[in-house]
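Chemist: What follows is the residue order along each chain.
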Amino acid sequence: MHIITVCGNGIGSSLMLAGKVQEICDEEGIAADVESMDLNGASSSNPDLFITVKELAPELHGNIVIVRSYVNKKKIREDALEAIKAAAAKAQ
Amino acid sequence: MLKDLLTPAVIRCHVHATDWRDAVTQAGALLEAAGKCDHSYTESMIASIEKFGPYVVLEEGVAMPHAQSNGNVSEEGICILTLDEPVRFGHDEYDPVSVLIGICAPNPREHLDCLAELAKIFDDEDALPKLAACATPEDVIATMDSFFE
Chain A
336 MHIITVCGNG IGSSLMLAGK VQEICDEEGI AADVESMDLN GASSSNPDLF ITVKELAPEL
396 HGNIVIVRSY VNKKKIREDA LEAIKAAAAK AQ
Chain Z
25 MLKDLLTPAV IRCHVHATDW RDAVTQAGAL LEAAGKCDHS YTESMIASIE KFGPYVVLEE
85 GVAMPHAQSN GNVSEEGICI LTLDEPVRFG HDEYDPVSVL IGICAPNPRE HLDCLAELAK
145 IFDDEDALPK LAACATPEDV IATMDSFFE
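These protein sequence lines map, in sequence, to chains A and Z. Each residue of the first sequence is one higher than the one before, counting from 336 in my numbering. Each residue of the second sequence is one higher than the one before, counting from 25 in my numbering.
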């Protein structure tokens, strides 16, 4: 499964989010390739799941889940785990 | 490594900022003075927030200003600025901000190691109050070290 985390620049926040999402997937035993991108790159990509914050979500098209935090693993897990599981099931 | 980048020269405690632009400008000035980037990078951190909104506010009270480099970053850098009075960035949930962690890197991928380490501190809910309470750069370094023990 391919997950893209998105922030405006693709270099700071989305990298931290990608790290946390990878950790969550590993902990849950979900095979995922997690990549971070800026908004421009992401808008022309078609992953199984985008993960971003609400400010940037309207700019993307596809399967999107919104998280409240780029860095707080507990919040990211609460917000995104169901969507990650659903996307993983669909990607199989 | 985060530890190697975080020296007293790139940390200021309890400074005053008139607004978020002033706070980001002061954080950028620390990176500039350390020879990490030039002033145009500081300006692009501000422009990035103007363009994409206050998403650099990562958690309650903490902002991580950064931008894409454009030949204006000479090496990877990090700075920490804490404010005497918090400033608002316009974030719905996590305003106002009293700790700024500025970052820069010549190549986006070079952020990775440093950021993976930095991301750990956000799993500790006491991180922000502890950093905000530090009186000196040395205190900040000792506090940051404590997160990695």
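Hints in this document: simulated from the structure, not taken from any laboratory. Be aware that one or more of the hints could be misleading.
A short, non-exhaustive set of chain Z residues, derived as facing chain A with CB atoms under 10 Å [as the list claims (entries may be wrong)]:
1. 29
2. 70
3. 76
4. 77
5. 146
Incomplete in silico selection of chain Z near chain A, CB under 7 Å [claimed, not checked]:
6. 85
7. 94
8. 152
9. 153
For each residue, glycine too, the CB sits at the ideal point set by N, CA and C.
Chemist: Does each hint hold? Answer for all of them.
Modeler: Quick rundown of the hints versus the structure:
1. A cut of 10 Å between beta carbons decides the hint on residue 29 of chain Z: the least distance to chain A is about 15 Å, and the hint is violated.
2. Hint on residue 70 of chain Z is violated. Least Cβ distance to chain A is approximately 13 Å, over the 10 Å limit.
3. Interface hint at residue 76 of chain Z: satisfied, since its Cβ lies 3 Å from the closest Cβ of chain A, which is below the 10 Å cut-off.
4. Taking 10 Å as the C-beta cut-off, the interface hint given for residue 77 of chain Z holds, the closest approach to chain A being about 5 Å.
5. At about 4 Å, the closest approach between the beta carbon of residue 146 of chain Z and any beta carbon in chain A falls short of 10 Å, and the interface hint on this residue holds.
6. Taken as an interface hint, residue 85 of chain Z does not check out: its beta carbon lies about 13 Å from the nearest beta carbon of chain A, beyond 7 Å.
7. At its closest, the beta carbon of residue 94 of chain Z sits 11 Å from a beta carbon of chain A; the interface hint therefore is violated under the 7 Å criterion.
8. Checking residue 152 of chain Z against chain A by beta carbon gives a least distance of about 11 Å; that is not within 7 Å, so the hint is violated.
9. Nearest Cβ of chain A to the Cβ of residue 153 of chain Z: about 15 Å, over the 7 Å cut. The hint is violated.
In terms of the numbered hints stated before, the structure departs from hints 1, 2, 6, 7, 8, 9, listed from lowest to highest.
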